[in-house]
Structures are given as C-alpha cells and as structure tokens.
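Throw the hints in and build the complete structure from the sequences for me.
Given next are the chains, with one letter for each unit.
There are 2 protein chains.
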Amino acid sequence: MADVTIDEQRFRQRFDEFNEIGATDAGGVDRPTLSDENKAARDTLVEWFREAELDVRIDEMGNIFGRREGRDPDASTVLFGSHVDSQYNGGRYDGVVGVLGALEAIEALTDAGIETDRPLEIVAWSNEEGVRFQPDMLGSGVYTGVFDLEYAYRREDKDGKRFGDELERIGYKGEDPCEPGDLHCYFELHVEQGPFLEQADLSVGVVEGVFGFSWMNVAFEGQANHAGPTPMTMRRDAFVATADVTKAVREITATEGTDLVGTVGSVDVWPNSINVIPERVEFTIDCRSYDNAVVDAAVERVQDEIAWAAEREGLEYEFEEIMRVDADPFDDECIETVAEAADEAGCEYTRLVSGAGHDANYLNKIAPTSMIFVPSVDGISHRESEYTEWEDVVTGAEVLLRAVRKQATA
Amino acid sequence: MADVTIDEQRFRQRFDEFNEIGATDAGGVDRPTLSDENKAARDTLVEWFREAELDVRIDEMGNIFGRREGRDPDASTVLFGSHVDSQYNGGRYDGVVGVLGALEAIEALTDAGIETDRPLEIVAWSNEEGVRFQPDMLGSGVYTGVFDLEYAYRREDKDGKRFGDELERIGYKGEDPCEPGDLHCYFELHVEQGPFLEQADLSVGVVEGVFGFSWMNVAFEGQANHAGPTPMTMRRDAFVATADVTKAVREITATEGTDLVGTVGSVDVWPNSINVIPERVEFTIDCRSYDNAVVDAAVERVQDEIAWAAEREGLEYEFEEIMRVDADPFDDECIETVAEAADEAGCEYTRLVSGAGHDANYLNKIAPTSMIFVPSVDGISHRESEYTEWEDVVTGAEVLLRAVRKQATA
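Which chain is which? The protein sequence lines are A and B, in order.
Okay, so the first sequence: first residue is 1 according to the UniProt record's numbering, each after it adds one.
Okay, so the second sequence: first residue is 1 according to the UniProt record's numbering, each after it adds one.
Honestly, I wouldn't trust all of these hints.
[Claimed, not checked] List time: in silico DSS-like cross-link candidates among lysine-lysine, alpha-carbon distance up to 30 angstroms:
(1) A:39 to A:365
(2) B:247 to B:39
(3) B:39 to A:247
(4) B:158 to A:158
(5) B:158 to B:39
(6) B:365 to B:39
It is worth saying that the hints were derived from the structure and are not from the lab.
Right, here's the structure in full:
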C-alpha cells in the first residue's frame, strides 16, 4: 500500500481549537457529559465531520458517528473513535486524541484519494467518564447491549437531572437506534493513563487487553468513646482496623510475580472528631490484575484480613463486593494489526495491558477489538496537568490510520 | 459533726424532671449551649435555687450562681458545681449530677438546720461541652482569666450566630462581672467518662488530677492517579502513609509502664473516590498522659513516624501541634478532703486521674480544687446511652456534701 501520513499541522490546529471549549485556567478542560461545554464540543465535532464530508448520524444515546462509505456496499464497518466528555476539570488528551486522531486518519485517506473496501466510521461515545451520570461508559454500554436505553435515560446527576432529559436539552437525543450495525472490528486510540510507556521511552503501546478488577465496600463498627479516659485495652476503634486492612492491601500487592494493584481510595469516618474514638469507618478497596485468579486470591485474602482486623479490635463488620469484572483480552488479529501498523509507522512500541477500563471493553464483547496507547507523562490522567508529548499523539494517530486502513482493505 | 444525708427521693425527682427538658427518644438529652432547651434547663435551675432560698446571680458569661451565706461575713467562698449544657444528643448525667448534686448538698444542710462558717456557692458553668461554640469550658475559662469576655462573646456557631448574641437572646447575659470573688476552694462532682470505677466495682473516685494532652494536625500530600494503571512502585498514596502513622500511634501507646493513650479521631481524604489513589489526607492525633514527659516523648515519636511514612511513600507533609496542655495535679488538701468525705460516707473509693478535661482544670489555676467521680457504665459518655447507677450518683452527692461541709466549717 502507498504510504499515507496524517496532516500534523491541521491535527494540531484542531486539537488546540477543540480544547478552547471549556478550557480551564490551569490548562485543562471542563466538559462533563451533557454540559453546555460538552454540547459545544459536540457541535464542533459534527461541523468538522461535515466539512470532511462524512455522513453524520446521532443515535438515541447521543453517540455521534461520522461515516465514509467503502467500495463494497455489503462490507461490514471498521469502527474507531473514543469520547469527548471530560472529567470535572479534567485533561485535554483523555478521549480527545482518539476522536480527533480518527478524524485525521479518515481525512488523510481522503486527501490522498485512497478508498477502502469497507466503510470507515468514527464514533464519539456519550458519557465515558461517568463523573456526572453513573455508570461510566454508558453510551457504548447501551450500544453493545450491556444496559437498556431506558435505564440509561433514567440515570440522574446529583441535582436530580436525568440523562435522557439533559440529552434532549442539548439537542443530542438522536433518532437512530443505539445498536451496532454490521461491525467488522473496533479500534481506539487513547492515552495510557499509566507510566509504562513514558518510563520505557516508547511512543506507542499495542494494547492486548484490560485488567479485571474487584470493587469492595467495607464497614467497621466499633464504639465511640472519649479519647482521654478510655484505656487502650478497652478500645474498639474502627479506624485502627481500617489502617490494618490498608497496610494488608499494600502487602498483598507487593507479592512478587503478580501484576496485582490494590487501592483504598474512599474513606469516611464517624463521628470524625479529634477527641472521639472512631465508631464507624466505611471504606473501599479496588484490586486489579490481568489474571482473574490473582484477583480471586486477593479478594479472599482481603476478606481474611478484614475478619482478623475486626476480631483483633472487637468490631462488627460488613463486606460487599459491589463489582467484579473479569480480565478482558482483546482480539488476536486486531492486536497484530495494531502491531503491524506500528511497525509500518516506524515507531518503537511495546505490548501491554490496560489497568483502566475503556469503551473498547464493551465493544470487545461484540466485535474484534484492540487499542493503541500513547504515553501519559508521569502517568497522570483525569487532571488538568494531564499531558502527552505532541509527537507521541501524532505517532498514535499514524498507527490508528494504518490499522484502520489494513482492516478496511480487502 | 452530726451526720447529714441528702434527700435521695427529692434528688431523684429533680433529676428526672430536669432531664425531661430536651429529652430525646433514645433516652438522652439535647440541650446544647444557649439553645432553647438550654434556656429551659437554666430557668428550672434558677427556680429551684430560689426555692432553696439561695441568692441567685447570673454573670456576664451566663454562669449561674446560687449562694448560701455563712456565719462569717468575711470568709472566702466554697464553690462547687458543674454544667447543664449537653452534647448534641448527649447523656443525662454529664454535668447534671454535679449541679443537682450540689443543690441537694446545700438543701441537706439547710434542712438539717446546719450553718457553715464559710458561704457556700453552687455554679453552673456556661458552655462546658464546646459542641456549638468552641472552645469548650468557655464560662469557667473567662471566669478564671484564661479567655477575654469579648473573645468569648465573638465565638460563632456554624450558622454564624455569636455567643454574646445568643446569650442575650435567651436572657442569660447577666450584669455581674465574670470574675472570681474571694474563693476558698472548688469541688466538682462528675461522671468518670471512663471504665475504671465500674471495672473496679467502686462507687467513687477521688480525682487527684487531669491528664495532659497534645492535639496534632497532620496532612500528607501525594499524587492522585488512576487506581488501575498506576503500578504499586510508583504510588504516592497519602492514605497508606496515614495507615502507617495510625498503626504507629497504636504501637507507641502499647509501651509498657505508661498511661499514654493515643487516638487518630478525624480523617479526611481527597478526592475520596473508589478508583483514585488518595492525593491528600488530613488527620488528627490526640495523645494523653498524666506524665508530661510521656506526652513529650510521644509527640516526638509521632513526628518521626510521620516523617518516615512520608519518606517511604514519597509525600510532602505538614505537622502542627495545635494544642498542648500540661498534666494538672489538683490541690493536696482538697484531694484529702474528698478522701475523708468518702470515708465518712462509708463508700469504697479509689484515687485516680482524669483522662478528660473539666471546668475544674481552670478553677485549679486560681483556687484549691479537687473532683469526685462516679462510675460511667461501660465507660460511655457523650452519648444517649450514657448511664450511671442511681445509687452511685447518690453516693457521689453524699461525698460532695461532706467535702463541702468540711471545707466550709472552721
């Protein structure tokens, strides 16, 4: 195939212009799902899709599609994209590089006069972040049949506003059914949100799959008493037990030879007073690995540690595993397509797995899927300081272009 | 001296009637300082003082005094009492037993036709609890010169209402200067708020002094990152370090041969999200002992542990000791007076020190002082389930009566 490259200058101009929408003083963007800023970002995207002569389609979930037909009217579609909603005061790269990179990939082919056999379709999924409406990945979730449309419409933000109503308010409740057409495969270019690529000094990661994880809610209940007159031997301190479990989680994850990560992320203490022994603590544990057996073992070990800590401190406890998601290996052929595309783009890459979930996880349930990662400086994401070297963003888009072209060409 | 005993039945009736004011469904009382319920409790107290033919006086801080003159018009006063403000949804005994017990002590003497050389004066201090207006022990603090009157008036509750305005609103901003007259000594009967007396199966504790303490604020600052893709070796987790320090506080207090107690009571985590590594944790440490050198050593050791935990986890930290109060031994003669009174009352007692602070601490700065403790079942206080066996309350009042009479009689 004749070599084609993306228009780096146009990509940069669009990236900068796009991120003026909802820009924050600290260099990030604030465009949570279905906000006015999210609407403005969507409007710009639709305008650019139309300028690129793509066939624009909005589905019932507000997922935005931009399609270029292929030579074969019966061929299934090569779908690729990401999302344009952001965290509250989030970063400029998360999601955006995948959608604007996808637009550049199609335009590069069009500019070079190159047709494909299969149709190419870009997608910008609704509510990937899940910060205003839970759960996250709602647009791709409905699209792939994980959630009902009505369930999604009923999701409420903290002000009691419903997803369906807000979608209508911003004018993005489309007519098209939110369901997959005939898909050939799905690709997504995204920032890594971890430090591996930067540490290895590589521009691209070929993503072979996504970690499985367990989310656990724990509550310890002891006895609130005055911090002065209550002797240490009589205490039933819910926070001391929480500290025990937190230390245990760190120890479990330090087990050699596993990729297990574990985090106590949310902690609430009652009555939370300087001179009162904590009566109740509610906290969360997040454990992840690419090996389901490792997550299984970690959850069991964590439960043992909770029971032991409660016994040592004389506490009642509640334990609930609120979510369990298995590790999700991507499609072998799609993975190899991305690897070949990276070779052709002349970049140095590694194969890795993702610690975080993506829309690609849901797409992987219904179509062959893989992802392309570009580095996150210092592993930072979901913050205004999120940053990726521009040349790495361009390299990622070059790999996406080549992977898409390969799969779309008979 | 001829033996006199208090009228147990009247004491019980008054105690029950008093605790109907602001009574909660769960058996406690809700009479925080300067609330309408606190006003109603004050009104009842003043009414009973007048019925007992006491000379009632309200000072500028709303401290309520009820005085019975002695034979010697030049003699200094024997002051005794406690407080009638409560915690939010607090218990029925804390403070109340000391004030109503004092009233019964004077009435027992009056009923028996017994005069004293010195004047007897009961006091109900304003804002001992410090739950609505900080700091606590505000009424006795101004009385003893620890705080300025204007400082006290400017204290604001969480709705921005000022102590001085609220005092005026309930009609208890008195004319009398808030300053001590000529004091001979001060006694206070109070619930122990700890488990020692109950465990030792004793009715009374002769209080020899109060623990010193240190209050510390600590903040750890790390880096918020996604709980999935961030490897354990790259984490700067502010909550893991908090767990380290919490475990260290427990270890330090387990040192044999000291009375040191230590508590991590208040903990706030940012961003407090299930899948984000904690970036910042602010927490408090409370360390107490009757030996100032033990508190000194604990504070030093705690600072070392904070520094080590920050270094291990790669965090910045802030440390501030926000309050340090030395251990406060009471007056030898007053302690012996209480011990002799307990002997005369025929009760079994022990000598102990208090882990919690009381108005008696401030009074001890300006006059010979001691306290009488009665047991707290299960060591519980500041809760609706706070409970003391009625016969122990009566015994405590009998001891108070005898101690007061001894000091008031030449």
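Hints versus structure:
1. A:39 to A:365: Holds: residue 39 of chain A and residue 365 of chain A sit about 29 angstroms apart, inside 30 angstroms.
2. B:247 to B:39: Not OK: residue 247 of chain B and residue 39 of chain B at ~44 angstroms, beyond 30 angstroms, violated.
3. B:39 to A:247: Violated, at roughly 49 angstroms.
4. B:158 to A:158: The given pair, whose Cα atoms are some 24 angstroms apart, holds under the 30 angstroms limit.
5. B:158 to B:39: Cα-Cα ~19 angstroms, so holds.
6. B:365 to B:39: With a Cα-Cα distance of about 29 angstroms, the restraint between residue 365 of chain B and residue 39 of chain B holds, given a limit of 30 angstroms.
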